[in-house]
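Keeping the supplied structure of chain E fixed, place chain W upon it in accordance with the hints.
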Amino acid sequence: MKAAVITFPGSNCDRDLAVAFEAAGAEVTRVWHKDAALPEGVDIVGIPGGFSFGDYLRCGAIAARSPIASAVINHAERGGYVLGVCNGFQVLVETGLLPGVLMRNAGLKFICKPVALEVATTDSAFTSGYQKGQHAVIPVAHHDGNYQADAETLAMLDAEDRVAFRYVDNPNGSQNAIAGILSANRRVLGMMPHPERAVSAEHGGTDGQALFAGVMGALALT
Amino acid sequence: MKARVHVMLKTGVLDPQGEAVRHALGALGFDGVEAVRQGKVIELDLAETDRAAAEVAVKAMCEKLLANTVIERYEVELV
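If you read the protein sequences in the order shown, they are chains E and W.
Just so we're aligned, residue -12 is where the first sequence starts under our numbering, counting upward by one.
Just so we're aligned, residue 749 is where the second sequence starts under our numbering, counting upward by one.
So that you can see chain W by itself, here it is in the shape it has in the complex:
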């Protein structure tokens, strides 16, 4: 089973990189981009075949390593 983890900065946390991308888009003439937030996608190949067990395991991975929950939120998608 594959899992895809999306890690994004929490709302309200300053994202200077997203802000720089927004400026660059404006410079290229893409008007009307009001905000850009940059995050990460992490894909995992799992030996686990049980969806519920996989979800529990991946959430534990997120809490322990993949996301810093002080500033980031995560979503787990099983595919």
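For reference, chain E alone in the conformation it holds in the complex:
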């Protein structure tokens, strides 16, 4: 599996995400935001957490209009896999690859702690390594993770089984306790919690490993 991890000015989880992909067995290329193209033969693009462009204007807004973002959109439209974590999720909603928006946490505080997630569907490469309804403990670290969408979009996400993870104890006011959602073709996942921060015993937990292993397994079959 070939993975590309993008770095924007202000990204700070890019190396962690690359390490997590490597630990799962992927060959990882690091890509700069000014690059107009992804490396040849990339299977999955990782959009990392952080504060791209200082969160100026809106979180993820400027990154979503960077040169590499066009390449990521083309990759996704061709059926390529994309994983956006935290700021990466914010970038994905700003590109329009995923619906809805991420607003300021309902309690207005930056939240940084491990939280329990319920695996809402196993019908995706990202969640195939979990059991449906399983609780996975994954850290969150965000100020703007409050997922909001109109009633129609929320109903569609439920009807199409596109909610990947829900918070067991909603920390940020997200509608329907949504922590992560999938694209219509189930190959783009955006999530606020950081699975790359839960892939080794030294992290204090390994519940994120199954996500990377699941992607690895799915891509080995294609």
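Please keep in mind that the hints were generated in silico from the structure rather than gathered at the bench.
Because the structure is a prediction, the values reported are computed rather than measured.
Note that the Cβ used here is the ideal one computed from N, Cα and C, for glycine as well.
Do not take every clue at face value.
Straight line, CA to CA, 27 Å or less: simulated DSS-like cross-link-like pairs of lysine-lysine [stated by the list, open to error]: (1) E:Lys21 / W:Lys812; (2) W:Lys750 / W:Lys788; (3) E:Lys96 / W:Lys758; (4) W:Lys788 / E:Lys96; (5) W:Lys807 / W:Lys788.
Here are a few chain E residues that face chain W, going by a calculated C-beta distance under 7 Å [said to hold, decoys possible]: (6) Val6; (7) Arg45; (8) Arg52; (9) Arg91; (10) Ala93; (11) Leu95.
Here are the in silico distance ranges between beta carbons for each label pair [unchecked claim]: (12) E:Ala171 / W:Lys758: 40 to 46 Å; (13) E:Ser115 / W:Phe778: 29 to 35 Å; (14) E:Met143 / W:Lys750: 52 to 58 Å; (15) W:Leu826 / E:Ser115: 28 to 34 Å; (16) E:Arg17 / W:Arg799: 45 to 51 Å; (17) W:Lys807 / E:Tyr43: 37 to 43 Å; (18) W:Lys807 / E:Gly83: 15 to 21 Å; (19) W:Thr817 / E:Cys99: 37 to 43 Å; (20) W:Gly787 / E:Asp156: 43 to 49 Å; (21) E:Gly41 / W:Ala768: 48 to 54 Å.
For chain W alone, kept in the frame of chain E given last:
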């Protein structure tokens, strides 16, 4: 020509920051503030001198970048 863009959350979209400001005003003794909505003002200096063309261009900027029309509405003012 200068343009001023006002970006506000749409009616009905929760504004936790506006709500926090409302609480703070209440704590300062400013009674009777029933709602606070917080938005942004973006000022642009444009080379364009034609008003109609400027308005079209700034609206395109709003749609593409300056506002997230899922949750925000915008108004363009040419000054």
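So, going through the hints one by one against the coordinates:
1. E:Lys21 / W:Lys812: holds, 19 Å
2. W:Lys750 / W:Lys788: Holds, because 16 Å separates the two Cα atoms, which is no more than 27 Å.
3. E:Lys96 / W:Lys758: Distance of about 23 Å is within 27 Å: holds.
4. W:Lys788 / E:Lys96: The given pair, whose Cα atoms are some 21 Å apart, holds under the 27 Å limit.
5. W:Lys807 / W:Lys788: The given pair, whose Cα atoms are some 16 Å apart, holds under the 27 Å limit.
6. Val6: violated, 32 Å
7. Arg45: At 6 Å from the nearest chain W Cβ, Arg45 (chain E) passes the 7 Å test, so the hint holds.
8. Arg52: holds, 6 Å
9. Arg91: holds, 5 Å
10. Ala93: Nearest chain W Cβ about 6 Å off; hint holds.
11. Leu95: Status holds, d = 6 Å.
12. E:Ala171 / W:Lys758: 40 to 46 Å: Given a distance of about 25 Å, which is not inside 40 to 46 Å, the answer is violated.
13. E:Ser115 / W:Phe778: 29 to 35 Å: violated, 55 Å
14. E:Met143 / W:Lys750: 52 to 58 Å: Since the Cβ atoms of Met143 (chain E) and Lys750 (chain W) sit about 41 Å apart, the hinted range of 52 to 58 Å is violated.
15. W:Leu826 / E:Ser115: 28 to 34 Å: violated, 54 Å
16. E:Arg17 / W:Arg799: 45 to 51 Å: holds, 46 Å
17. W:Lys807 / E:Tyr43: 37 to 43 Å: violated, 21 Å
18. W:Lys807 / E:Gly83: 15 to 21 Å: holds, 18 Å
19. W:Thr817 / E:Cys99: 37 to 43 Å: Since the Cβ atoms of Thr817 (chain W) and Cys99 (chain E) sit about 31 Å apart, the hinted range of 37 to 43 Å is violated.
20. W:Gly787 / E:Asp156: 43 to 49 Å: violated, 32 Å
21. E:Gly41 / W:Ala768: 48 to 54 Å: violated, 22 Å
When each numbered hint is compared with the structure, violations occur for hints 6, 12, 13, 14, 15, 17, 19, 20, 21.
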